[in-house]
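Whole structure, please, built from the sequences with the hints as guidance.
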Amino acid sequence: MNSQGVAKQLSELNPGKACGPDEIPARILKELSPSISHWLCFIFQQSYDSGTLPPDWSKALVSAVFKKDLKSNPANYCPISLMCLCCKVMEHIILNHVSKHLAYDDILINEQHRFCKLFSCETQLITAINDWAKNINQKKKTDVILLNFSKVFDSVPHLHVMSKLDHYGMRGLSTNWIKAFLSNRCQVVSVNGSHSHPQPVISGVPQGTILAPVLFLLYINNMSENIKSQIRLFADDGIIYREINNNQDHVTLQEDLDDLNNWANKWQLNFNFSKCYHLGITNKRVPKTYSYMMNNQTINRVSSTEYLGITINHSLNWNKHCDIICSKANSSLGLLRRILAVKSRAYTSLVRPQLEYASTVWNPYTKRSINKIEMVQCRAARFVFNDYSRASHVSPIIDHLGWDNLQQQQLLHQATMFYKIHQGLVGISLPDDVCPLTRASRQPNICPYHQIQSCVNVYKFSFYPRTIVTWNHIPFNNLCQSTPSFKTLAMPSIKSLNVPK
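Residue numbers for the sequence shown follow our numbering, so the first one is 1 and each next one is one higher.
There are no misleading hints in this set.
Within a straight-line C-alpha distance of at most 25 Å, the following computed PhoX-like cross-link-like pairs (lysine-lysine) qualify:
#: 1; residue 1: K487; residue 2: K460
#: 2; residue 1: K68; residue 2: K151
#: 3; residue 1: K68; residue 2: K275
#: 4; residue 1: K320; residue 2: K284
#: 5; residue 1: K372; residue 2: K460
To be clear, the hints were calculated from the coordinates, so they are not data collected in a lab. On a predicted model such as this, the values are computed, not experimentally measured, just so you know.
As structure tokens, this is what we get:
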């Protein structure tokens, strides 16, 4: 511990952040950081050396945060723990030590993309959907099982957490402090200003704390051991899938599901079988079906489902996803018409992100979906200028606002993600079939790639085959050393492509 590090953590606090059970405001800690950092450092060191916490640090105010579906159903709320801010600063210090250990020994599995540096929803989706689209291109079927845990953050037994830390070589004072952090906790539920009686917390990692994510990742880190199919994890959201060539592949995937269920039982976790789904991805009209089971329950077979905010169907056609996001964006736009005066900024900050979320994965290629998404922006432009006349054209309005059309923006997002992969700025790497072009080329890009051949549009317009075409037209050079500079360089080239307005 050192006072300079503590002062730095205090100075980075959000002054508007809610205070915890000790009722010390974030603004006080932030403004007084030069004066109090020395004394807090002393308290932190004593806490660390003794493996004990001040009583207030073991208390939590729990607020119920709504997730989705019916607000009247308590199961649709997520409990978030509000902790003392000083404890969170201490957690940051412990987390830094833990993260260095995890990085040095390369402990976390590559299949986990949540709470991991350089990974995101996009990297997870790009990797998985590239596998599925490639199989469709080869006229193969992929069986995907979407896994859903039941209240997993609240179910983790503390004793098992400590055994996992020991297994991964984490021992000594840091582990003693984490044990004290998890033990002897109590919580009070806060609803509309009313508080419940304090209740002891006998299991789980408290959501809303700094250490909870990494403790959970370590807890499920060996989940994929002995699994023969491909598994990908995003915290407690998981998918397991396998290319199906014969009946033995069905059997192998079923064996993997049995192994996962046995693993969950061993570590006292439960799958929510009613929210686990089987999605068969293929372009065959009458594909062979197979009923997969977990815990003697048949997994529901669906033709489409939502995963990480993206609606995926059996043929990887993005029309349904485009319909859903356009409906949400139009609803948001209708709400803005009634309540906001700063119209252009409201659209670009509240509505447009709904149309661009993870568009690197689902960027549409059918005229129907492209037009439907562009129509939302056309409505927004008329809304900003309050011009709904049929005699006026919307294109000059959009040009006056300085908005690029959404198709161009989505191509830019794809090219930018490819740049990050090319430069090693994200945690995924280029697949084996994405190869640099070694022979002489007239491409303006000094690092062109071979175009990937495809038999079906699903694969042709998926991330890698489509983006390589765009990438090769961008005059990328060694002077392009940052993501913003690449975007500046790329946009004129993208506008020169045959992208309809």
